[in-house]
Structure formats: C-alpha cells, structure tokens
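Those protein sequence lines, which keep their order, are chains P and G. Numbering of the first sequence is given in my numbering, commencing with residue 1 and proceeding in unit increments. Numbering of the second sequence is given in my numbering, commencing with residue 1 and proceeding in unit increments.
No wet-lab data here; the hints were simulated from the structure. Owing to the predicted nature of the structure, the values given are computational and were not obtained by experimental measurement. Backbone N, C-alpha and C define an ideal beta-carbon position, used for all residues, glycine too. Among the hints, a few may not be true.
[Unchecked claim] One-sided excerpt, in silico: chain P residues whose CB lies under 8 angstroms from chain G: (1) Ala30; (2) Ser42; (3) Arg47; (4) Ala69; (5) His72; (6) Asn81; (7) Leu84; (8) Glu99; (9) Leu244; (10) Gly251; (11) Gly428; (12) Leu562.
[To be verified] Dumping the calculated SDA-like pairs for lysine to any residue here, alpha-carbon to alpha-carbon at most 25 angstroms: (13) Lys458(P) x Gln184(G); (14) Lys122(G) x Ala187(P); (15) Lys555(G) x Thr508(P); (16) Lys230(P) x Asp292(G); (17) Lys122(G) x Asn243(P); (18) Lys501(G) x Arg504(P); (19) Lys12(G) x Gly236(P); (20) Lys12(G) x Gln240(P); (21) Lys122(G) x Gly223(P); (22) Lys226(P) x Thr296(G); (23) Lys212(G) x Asn423(P); (24) Lys548(G) x Gln558(G); (25) Lys528(G) x Gln561(P); (26) Lys122(G) x Thr196(P); (27) Lys413(P) x Ala217(G); (28) Lys224(G) x Thr117(P); (29) Lys413(P) x Gln457(G); (30) Lys224(G) x Glu422(P); (31) Lys555(G) x Thr509(P); (32) Lys226(P) x Gln300(G); (33) Lys180(G) x Glu123(P); (34) Lys89(P) x Leu233(G); (35) Lys122(G) x Asp200(P); (36) Lys413(P) x Ser105(G); (37) Lys89(P) x Thr187(G); (38) Lys550(P) x Arg561(G); (39) Lys376(G) x Gly212(P); (40) Lys230(P) x Phe306(G).
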Amino acid sequence: MIAHLWHYMKKYKLAMALTILMGILALLSAAMLTFTSGYLISRASERPENIMMVYVTTVIVRALGISRAVFHYVERLVGHNAVLEILAKMRVLLYEALEPQALFIRERFTTGDLLGTLADDIEHLQDAYIRTVFPTLIGLFVLLYAVIALAVIDWPFALLMALLLGVVAFVYPAWSLFKMKQHQMKAQQAQRTLYTTLTDAFLGMQDWLISGRSHEFITSFLGQAKEADKLERTLGHWQQSRNLQLQLITGVFVIIVGLWAGNQAAEGVILPTYIAAFTLVVMPILEGLIPMSHAIERIPVYESSLQRINAIKREENEAQTVAPTIAHTTIAFQHVQFTYDQATTPAIAQVDLTIQAGEKIAILGQSGAGKSTLVQLLLGNLQAQQGKVTLGDTLTTQFGDTIYDYVSVLNQKPYLFATSVENNIKLGNQQATDEEVANAIAIVQLQDYLSTLPLGIKTQTEETGQRFSGGERQRLALARILLKNTPIVVLDEPTVGLDPITERQLMTTTFQALQNKTIIWVTHHLTMMEEMDRIIFMEEGEIVMIGTHKELFSNNERYRQLYALDYGD
Amino acid sequence: MDKQLLQYEGSKKVFLQIGVITALQAVAIVMQAIYLAKAITQMFHGAPSKTALMSFAIFLLAFTIRHALQWAKERIAQHYSEQVAEQYRERLLTAIFAQGPYQASQYGTGSLLTLVLEGIPKFKTYVQLFIPRMLAMVIIPTAIVLYVLTQDMISGITLIIVLPVLIIFLILIGIVSKNKINAQMETYRLLSRHFVDSLRGLVTLKYLGKSKGHRDAIATVSNKYRIATNYALRYAFLSSFALEFFASLSVALVAVGLGYRLIEGMVFLEMALTVLILAPEYFMPVRELGNDFHATKDGQDAAKEFEKILQQQQPELAIQMPKWQVNDTLTLQHVSLEGRLKELEATIGHNERIGIVGSSGAGKSSLIALLAGNIKPSEGQFLWRGQTYDTLTTPDWRKQLSYIPQHTTIFAMTLRDNIRFYAPHATDEEVLAAIQQVGLSPLVKRFPNGLSEAIGQGGRTLSGGEEQRVALARALLQQQAILLFDEPTAHLDIETEHDIKQIMLSLFEERTVIFATHRLHWMPHMDKIIVLEEGHIVEIGSHEALIKRNGAYVKLRQAQRGEVE
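All chains should be modelled from the sequences, with the hints used to inform the complete structure.
Written as structure tokens, this is what we have:
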C-alpha cells in the first residue's frame, strides 16, 4: 500500500507538492486569521493614539479572510488533477497487464464481473489520495510548523506541545487503524456476502417463490444485513467517541496554551496583546489535525482494491508487428497433444487434422470435449506439448497477434463498444471507405433495420449494445469481420441463445458473405450441417467422428438420432 | 426542507429530541465563548492565574457539554437512521419479491441490486446527516446572532446580512455550474465509461488484432477524461469556495470592525473577544450542510426510487386455491396480457402434457409467466372447479409447481442444498437417488467433498448441461403435480440435449407438463400443442392432428428447417 502510494507520489512530485503546499497554506490562513484577529482586538483595546498602528494588521486580517478559501479551492483542483493523472497511468498499466491474458481471464478468475470490479477499484483509489494521503501530510506539516514557531519563543514548551499534539497526530490515528482494521475488513466482507446472496436471490427469485421460502430468504437476508449494519454501527460509535475525546483534548490544549501565554506575558517574554492570539489559534490548528485519525483509519478500505489490481500479474510478451509471410493458408494439426497446467488428462489428445483453404468445417462436442482448446491452439494462444499446429507451414505460435491478419473470430458474445454503429464496424478496418462500410452492412442485411433508426449508422450502440437483439449484434460483428477480410474465419458458437429461425437466417447470411473463405464453425447444433464439407465430433480431446453430412447420416446411428432432434421429429 | 422526512415513523420524536439538544448546544457554545473571552481578558489585564483558571474551568465545562451533546445527537441520529433504513430494506425486498421475477426483470436486476445494496446505505446517511444538520442550521446561528445583537449591534447586523447574500450566491453558482456541467454531460459519460468498456471488450479487440494498439487509446481517453473532469470540478468546487470565502471574510470584517470600535472606546475587549469567537461558530452549521450536500442529494434520489417500487406493490393475495387433482381442468377464458397476449382460450387437464411453440416474440415466455404465477393477466379469468380466478399469482398456486427455466440459478450453496432447494428436509439418500436419476453421479464422484462441495458463485462452476440436471433433480425431490418448462434445452449442445431428453421424458410420467420451447422434437411427446403467433393462439391440437391440418405448426417446422423463405 505505502509502496504503491510512494511510487506515484514520487512520480508526480511536483503536483503533489503543490497540492500539499496549498493545503498547508489554507490551513495556516485559517489559523493566522484567528491569530491575527485575536492580536488585532487585543491591540486595539489598548486604544493606540494613531489608527495607523493597527492599520497593517487590519489589512492582513482582511487578506487572510480571502486567502483561505482561495488556497483551499486551488488545493482541491490541483489535487484532483494530480490524482486523475495517476489514475490515467494506472488504467494504462492495468490494461497492459490484462491484455496478453485477455482470452484466459475467465478461466483464471472465477469471480463474476472481474473486469468491472477492477475498473471500479482504480476509481476507488482516488480516495486513497484525496481522503487519506493529502489530509495526513497536510496535518503533519502544520504540526511541524506550529511546533517550530513555538520553539522560537520557548523551546521546552514547544517540546511539550509536540508531545501532546503527537497524541492527536500519531497516537489516535495509529490506534484507530489498529483497533478498526479487522472491523473494516469484516465490514467489507459482509458487504460482499450481501452482494452475492442478493444477486443469487434476484436471479433465482422464481425458485424462492415456488419453493414458498421467499419469506425465509427475506428474513435471513435482513438478518445478514443487520449484522453488517452492526459492524457499521460499531465503526460509527467509535468515530463519534473518538471525536468527543479529541475535542476534549482540544479544550485542554486551549487552557494549557492560554495559561502559558498568560505566564509568558507576565514574565514579559511576549506582549499581553498576544495572549488572545495564542489561545485562540489552538482550535484551528487542531481542526487540521483531528481528521488525520479518520484518514489513517480508512487505509484498509483501499487495500482490497489494490490487492485485486496487483493480483493481475504482468506477463511480458513482445508485440509482433510484422506477420510472417506464408505461401498458402492450409491449417495442419499434426499429432497434437495439449494438457492444461494443473490437469491430469489431456485436453487435446493425438489430433491430426488438415484444413484446406476454402474448406468449411463444423466442430461439435459436449462442453469440455476440447473444442475451445482446439481453436486456441489454432490461434497460437496455446502451445502444443507434442506435435505441431501450423498455418501455411509456419507454427501458429510464431504469429503472435499477427495471426489475426489471417484469421478472424466471431465468438458467442461479440462486444459492441459504446460508440456509433459505424465506429464499431470500422474496428474491422479503420481505413474502410464509407462505401465499403455500406457494402458490408448490405451483405449482413442490416441496411433496412439501420435505415429505420433516426441516426442511421451514426446511432450509438448504448452500453454493451443493449439496443440490438442477439441476431442483430452478431450481424454487426459479422460486418466487422467482412471489412477485416481475412482468408480464415472461426465461428465460435455464434448462435447460442438464438431461436432456430434466427439462427438459420444468420448462418445463411454468414455462409453467403464468407463464400470463398475457410470456415471453422464450432457449434452445438446440427442445423445446416448439409452445407459443411466436413463435420467433426470431439470427445475427451479426441476426434471421434468425422465425415460429411451424407456419410455420417447413412453410416452413423448416433448421428441420425441427433439429427432427428434438430430436424424436429 | 424535505417534507418526506417528517413522514417516517418516529421522526417527529427524533426531531424534537435533536432540536432540544441542539438548543442546549447553542447555549453551551455561547457560554464557552463568554468564558474563554473572560479568561483571556483576565490574563490580559494581569489578573492572578487562579482567577483565569476559574474562567477556563467554566469554559472547559461548557466546551465539554457542547461536544457531549454533539455526541448524543449523533448517536440518536445514527440509531434512528438505522431503524428507518432497516424498515425500508424490509419493505423494499418484500415488495420486490411480491412483484415477482417478471416485474424485477422489467426494472433490471442490476439496478434493483444497486438500489438495495447501495441505495439503502445512501438513504441511511441522508437521514443520519440531514436531521441534525438541518436543525443546527436553524437553531445555532439564530441563537448566536441573538446573543451578538445584545452585545454589539453592528457585528450582529453584519452577520445577519452576510447569510442571505451567501445563499443568493450559492443559488447563482448552482445554476451556472449546473448548466456548464450538463452541457457536456454526454461526452463526460462516454469518456468515463471508456475504460470499463475497453476491458469488457478486450476479447473482441484481441480477436480483431487491435488489442495492443488500444493501449494508446486508453491513455488518450483517460487524459481527455481528466481534462473534462477538471473543467467540471472548477464549477463543482465553486459552491464550497463561496461558503468558505464568505464565512472567513465576514469573520475578518467583524474583527476589523470590532478593532476600530475598540480604538474609539465604543466596546470593550471581553465583549469583542466573545463576538470574535462566536463569529466562526455562526457559519459552521451552513458550512457543514454544504459539505454534505452530495451525500444528502444521493440519499434523496434513492428514496424517490424506493417510492416508485413501493407504489407498484399490490396487497398480498389471500385467495385460497385447491390442490391440483385427478380430473381437474384449468381453463383460460379470454386471458390477455397487455401488449403481449390476446384473448387466450385453452384448457389444461390433469396429467396432460402441453407444448407451447411459436417464433421469437410470439408470447411463449409471457404465457409461461402467467401460468407460473409471475404476472397477472390484464383481462380474463382462469376457471377451475366451477370457480373463476383473476390471477394465478398466489402462493397456493405457486407451491404446486416445479419450474425449469433456460438458465437454472445455481445458488452459492453446497451441491446438496442446491438439489434439495425445494425440499430442505430431504435426506442424503433421497438427494443421492435424485442425483443418480438425472445422471449427476459422476460429478459427485469428481468433487473432493462430494455432496458438500460448494457450487455457484465463489464455488465450482457447472456446465450448462450439469445445471439443467441440477434443476431436474430439484424437481424430482419436490414431487410437484405440475411441471413448467421454459426453453430448458435451448442453449445445450445437441448431445447433452439428447442425453437429458430421456431423463426428462421419464419425469413427465404422471404429471401435468407445460413446456415452452423452440425445439420442436419435444412436440411428438406432448398431448396437446399450443401454437402462438403474435400473442394469439392460432392452433391447438396433438402433433399428428396439427401435421394433418398443415397450418401454422407445419409452417413453423418448415421455417426452422429452412424449407421456406
């Protein structure tokens, strides 16, 4: 935590220093306003002959009355700017760390919306600076300033005050952190549990209602929530009591400093006009120190965010910028075997398969049969332990990201970015002309639908593309792939969740659009198998059935049974 | 002032308590100022420290009382806000469940979650802060200014004048900054979403070969976002700037004014110091209220959202319904659902198997939602044993059903508790027997903890086929007379569907089955098929009869096979 903060503090030291300086000046302005006003009134009460004797003081008082708000305003702006710069940097770093493992994030982290959580985590770290780092450092500097100023007049007393103020600036914060750390973590844990429980309950509301147990659930959830409230209450009570204690300490300080100033005046060390000034300045100074306890106490709140971000390990891999040149686009799997890190059985076992340019292949199999592994081996994202996977006689692992110059992928949930339809399609090829875009839209048969929208292709897709139905989203993604124009297209279960009629329409369009390309279609149904050159069934990492629809239909009883299901008999 | 605050149970009492405490606090604040000023003046005039000590002691007493009262006030407010928030949490959850999953999906599960888990705490903070802040804002400055007026008319008038000026300024700033910020809200929203959008779309970017280069886009957009935010903050911080500015400037003005009058001998030191000490206290409540402005605004917004949902709630139906028995029939008479289903007429017999088919958007899910007791028909009745019912949304009906949806919810519980969800008292033998029947035995063997293995969120994930088997096992244990299926196999691969089909068919025996699906291969196993088109029933009959009829059902089969365009 500290190391992380320190790293960025150093990196942006100028902005940080300016923020803290402004914060100190704002606090000192408040303190000096009180100090000078106290002095002014005391001095005025001596009724000096000439009003000019206090004139300078009145000017200072007026200036201080203005400067505090100005300094504070500048502090907040500069501080936020610095923090936003840090966040920008962190976003880039997090992205760089996630990018190489993008395809495997789901397997590595089982938690729900990990990516959304990470993005939120970065936002939360704003508070680490604004609500913890800045108030703490500003408080420390003010403490130092006050003690030094006192030391000039009376250093033993300054030492005593340093000790006493240390109680407010160090003892209470440390104690708060120690005492409430477990508590804060428990409260966060409780909040997470509530979140999981309620998500489940809302998704499974039907089950709760039918089981007649919804009252049971509500009661148990309210009980859990009450426990979480209790944790919050303890935290709140602690803060209230601490505040009371710190205020009482402030009151005692006022008296100690007051009596000291009275004594100093009696001994002639300071003028009596300064008694009010010293006595009254205690409160604004302590006002700057009291928030330190709360600032430090919050540290555990950021820690879990930071831990999650740091858990994303950086993997260095060199970006490949130039694609290897290949003479042809035949894909070959030769005696390929692949086993995942901690698995006991291979995910792909002894696969031999050659896919010629322009061939249309369907891959079927139950979940865990090895379909996705096969695709990832083809894309060079996984490396076979035995045998080799080649594209045009070059190992697919040698392509790096340039593999996508040859292979496009249409997956189950292509993402539509929160920008216009046009920009989304152009992701396939930024240089595409308007004509090419219009042509792609026509091929995927979206022109009629898009022309009904008032903004046409300039329509925003809205968050996660909710404006469009499943079939329309796939068509948009297909348009993207058309612009990309690669010789090979992998269709990774693009029709899951679509109804049979939409599925058939989408695939008909797809096959028309991709006529001369190699198509590898991972699918869960037998719809349109007649169109494929070869159909492959996988089971436990092996190819167990292979052939054309005609061959399989006439020779294979199981295939006939399955086909009957899809045919609707 | 939010009038709603006075409506909550027990709020008047809390207002009164906190009001009295605040009034006492105001007295303590004035006392504290008087005695601190006295102590300083005594020392200034060189009085023995004993005299000053006495004044300091009274100061400390008043100071202590003031902060002890503050403590008490916060306790009361916290306690009360907890109570109110708890009540709302209960009412809200009860309302959400009473309105059912159909309505919940209309609101959006995500926003309901946020509302309950974040809205309630926001609302709580609002109640907790707002009552004491509001009262302090009224009582404390009034008390202080009244006292100051008795001491030094001119300072009192200065303080009185500044407050309305300050408020006018705040309103002006509010209007200006709102316009400025609203003007670029849309860009701002897009920019702020860009990062999470990029992360969620990372796989797609990767497949497009664009993921490496996108790094620069993130840097650029983050930077734009920073600039846009800075611009907005410049205005957003203006109001707290104004608050501080006026507060400290008026303290300075009061001090300078007092100084001149002291020189002229119009006032005395002790009184002047008292006023000087009181001046910042005068502004304190309004500054605190200003600082908590956003917290209170969020809380108020959340409260409005709660009301929207609570108003939708209808009283729990106490309609008694009989048990579904042999020879029973349920007849739908002119049943409609606004915008979705029109004038449905159909009869469901005991142990009949009924298939519901139709293309997307024809109304299959709506009909299932009606029959599952999730939603009330907008018109029409259900006739059963000579009695008509307006709706099936009653506990008596629901508890006779088993419901198997397209995506079964796997709760974050053990495998055992997931399977006996509807029958919490089932023994391990019964659970294992159900597991055996649905073909989940290999899964149990694979799990190190067997039945006690945690599944769902935070536990092991199951494949789609395994999830549906869990649903079937649940239904087996539950042993209900009526089974409802809503696309149970739509997202399964063909082989898994084939395997599960045999298990499901055996489950159909001796039960009433209502089965909505796109997968027409189930239809030959049904006694009766309801074909829906745009919310109407266009055909009813057995598979054979409908094939012979060569109407909508046959057309649907052909469309799915791609035989017609």
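Structure-inconsistent hints, enumerated in ascending order: none
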